[in-house]
Amino acid sequence: MAFTEINSKMIQATVMPGQRLYSQRGAMLAYKGEVSFTPNIQGGQGGVMSMLGRRVANEATPLMSVEGSGTVMFGHGGHHIQIIELTGDTLYVEADRLLAFEGTLQQGTMFMGSQGGVMGMVRGQVTGQGLFTTTLQGRGAVAVMAHGGVFEIPITPGRPVHVDPQAYVAHHGDVRNKLSAALGWRDMVGRGSGEAFQLELSGSGAVFVQASEEKL
Amino acid sequence: MFRLQGSKVLAVDMTGDAVKAKNGSMVAYDGQMAFKKMTGGGEGIRGMVTRRLTGEQMTVMEVRGQGTCWFADRASEINLVSLQGDKLYVESSNLLATDAGLRTGTTFTGLRGASQGNGLFTTTVEGHGQAAIMSDGPAVVLRVSRQYPLTVDPGAYIAHQGNLNQSFQSGVTFRTLFGEGGGEAFQIRFEGDGLVYVQPSERNTIAGDV
Chain A
1 MAFTEINSKM IQATVMPGQR LYSQRGAMLA YKGEVSFTPN IQGGQGGVMS MLGRRVANEA
61 TPLMSVEGSG TVMFGHGGHH IQIIELTGDT LYVEADRLLA FEGTLQQGTM FMGSQGGVMG
121 MVRGQVTGQG LFTTTLQGRG AVAVMAHGGV FEIPITPGRP VHVDPQAYVA HHGDVRNKLS
181 AALGWRDMVG RGSGEAFQLE LSGSGAVFVQ ASEEKL
Chain B
217 MFRLQGSKVL AVDMTGDAVK AKNGSMVAYD GQMAFKKMTG GGEGIRGMVT RRLTGEQMTV
277 MEVRGQGTCW FADRASEINL VSLQGDKLYV ESSNLLATDA GLRTGTTFTG LRGASQGNGL
337 FTTTVEGHGQ AAIMSDGPAV VLRVSRQYPL TVDPGAYIAH QGNLNQSFQS GVTFRTLFGE
397 GGGEAFQIRF EGDGLVYVQP SERNTIAGDV
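Residue numbers (the numbering used here), protein chains in the order written: chain A, 1 to 216; chain B, 217 to 426.
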């Protein structure tokens with residue numbers, strides 16, 4: 001595993017020759033050994049087309065690639081960091097929550113409308129994810145940032161999990177999500193319980209939820 | 217059944233029963249849940265009017281269903297309090313959730329309230345059951361007994377329970393008037409038998425400025 005936790009807000013990554021890491025630009029706190037940081041104009045993997053895709057999708061966060069041999073410490077803005085280990089499945093996460101990930105993972109962008117059509121696009125707007133989200137696929141570790149601690153809720157078939165859109169961080173596995181609205185007359189007259197919109201996740205996998213309803 | 221998931225998330229397992237929680241504090245749930253805002257904190261017309269007048273408004277929702285519901289609020293630390301017929305005094309802004317069987321009300325705190333920067337009134341919770349209170353940083357629970365009274369900074373106080381008498385202490389001297397005070401001009405003194413919850417952070421109070 002390339003990432004180890006130092007404390008809840010700092011991680012340490014081991015870099016070895018031939019293994020590349022990607023991290024958010026400027027998130028390096030300290031390093032030991034011979035490590036070089038190169039700003040990645042393309043904002044991640046793939047060629048120029050992927051770069052254009054990310055630009056258009058507004059999922060282009062400034063990334064840098066980290067190479068060499070040594071250890072690097074990462075942290076950003078005092079946010080809590082959660083390390084997620086992927087074993088062949090796909091992680092869906094917002095690009096600005098990504099702190100670092102291993103180069104062995106395939107990075108991509110997904111159009112929200114591809115899951116649920118127009119409702120998928122509406123969902124993206126409500127959750128603040130926008131029309132596109134970032135996917136990471138393969139084997140490797142990802143470090144994701146959140147406000148407050150993160151906890152994982154497993155999703156099993158036949159037992160869907162509902163999440164407050166503002167507290168949603170990421171999810172992985174074979175999960176379908178849809179926005180469920182529980183709008184009643186109370187919400188119309190400003191007497192709602194504050195839980196009018198919920199993300200309903202069903203399938204098998206896991207969802208990561210933060211202990212706060214604040215955005216990064 | 218209340219339990220903590222980490223220190224910042226409250227998980228409540230429900231089997232058809234209900235809990236009262238701060239409006240909008242649900243972060244996730246599985247199973248079937250219904251959320252309903254309780255007008256006036258669920259204390260009837262009188263309770264509602266009292267809360268309006270005293271500035272101790274809280275917007276509370278009732279959560280009822282089957283499954284597990286997770287609550288959290290702006291990454292605050294959460295403390296569980298179990299009540300066996302005694303009374304918990306807590307600021308409405310620090311109260312996250314209570315069992316539906318617990319009664320809530322408002323009470324006058326006098327000068328102490330003003331020094332805390334929270335107004336003259338506070339919220340009470342009484343009955344049998346569990347409540348979850350929030351603090352800025354992990355709270356410590358300090359026991360007060362007959363021989364050992366406790367003095368607390370008003371800005372760090374969050375809640376107390378049991379049979380306690382509170383009095384207000386001021387350490388204002390001529391130095392304070394010249395702006396040379398130690399920043400600890402006011403304190404609350406608790407005497408009797410009970411527990412006091414103190415957070416490792418201080419709210420902005422008048423006492424902190426002098």
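Calculated from the structure, these hints are not laboratory results.
Keep in mind that the hints are not guaranteed to be accurate.
[Claimed, not checked] Here are the in silico distance ranges between beta carbons for each label pair:
| no. | chain 1 | residue 1 | chain 2 | residue 2 | range |
| --- | --- | --- | --- | --- | --- |
| 1 | B | Arg319 | A | Arg139 | 31 to 41 Å |
| 2 | A | Pro154 | B | Asn379 | 24 to 34 Å |
| 3 | A | Glu152 | B | Arg319 | 33 to 43 Å |
| 4 | A | Pro165 | B | Pro365 | 27 to 37 Å |
| 5 | B | Gln282 | A | Thr87 | 29 to 39 Å |
| 6 | A | Gly77 | B | Gly353 | 38 to 48 Å |
| 7 | A | Thr87 | B | Arg219 | 41 to 51 Å |
| 8 | B | Phe324 | A | Ile6 | 25 to 35 Å |
| 9 | A | Glu34 | B | Ser298 | 27 to 37 Å |
| 10 | A | Gly88 | B | Gln282 | 28 to 38 Å |
| 11 | A | Met73 | B | Phe324 | 15 to 25 Å |
| 12 | B | Ser361 | A | Pro62 | 55 to 65 Å |
| 13 | A | Gly77 | B | Gly317 | 19 to 29 Å |
| 14 | B | Ala250 | A | Pro154 | 40 to 50 Å |
We treat Cβ as the ideally placed atom computed from N, Cα and C, and that holds for glycine.
Verification of the hints:
For the pair B/Arg319 and A/Arg139, the supplied restraint of 31 to 41 Å is violated, since their beta-carbon distance comes to about 54 Å. Range check, A/Pro154 to B/Asn379: Cβ separation about 45 Å, and the 24 to 34 Å hint is violated. In this structure the supplied range 33 to 43 Å holds for A/Glu152 paired with B/Arg319, their Cβ-Cβ distance being about 36 Å. The hint said 27 to 37 Å for the Cβ distance between A/Pro165 and B/Pro365, and at roughly 48 Å that hint is violated.
In this structure, B/Gln282 and A/Thr87 meet the distance hint of 29 to 39 Å, their C-beta atoms being roughly 32 Å apart. About 19 Å separates the C-beta atoms of A/Gly77 and B/Gly353, a value inconsistent with the hinted range of 38 to 48 Å. Roughly 29 Å separates the CB atoms of A/Thr87 and B/Arg219, a value that falls outside the hinted 41 to 51 Å. Distance hint for B/Phe324 and A/Ile6: a CB-CB separation of about 49 Å, inconsistent with the stated range 25 to 35 Å.
A C-beta distance of roughly 56 Å is found between A/Glu34 and B/Ser298, which places it outside the suggested range of 27 to 37 Å. Look at A/Gly88 against B/Gln282: about 34 Å separates their beta carbons, and that is inside 28 to 38 Å. Distance hint check: the CB atoms of A/Met73 and B/Phe324 are about 52 Å apart, inconsistent with the given range 15 to 25 Å. The hint said 55 to 65 Å for the Cβ distance between B/Ser361 and A/Pro62, and at roughly 58 Å that hint holds.
A hinted range of 19 to 29 Å for the beta carbons of A/Gly77 and B/Gly317 is inconsistent with their spacing of about 42 Å. For B/Ala250 paired with A/Pro154, a C-beta distance near 23 Å fails the hint of 40 to 50 Å.
Going down the numbered hints, you'll see the structure goes against 1, 2, 4, 6, 7, 8, 9, 11, 13 and 14, while the others check out.
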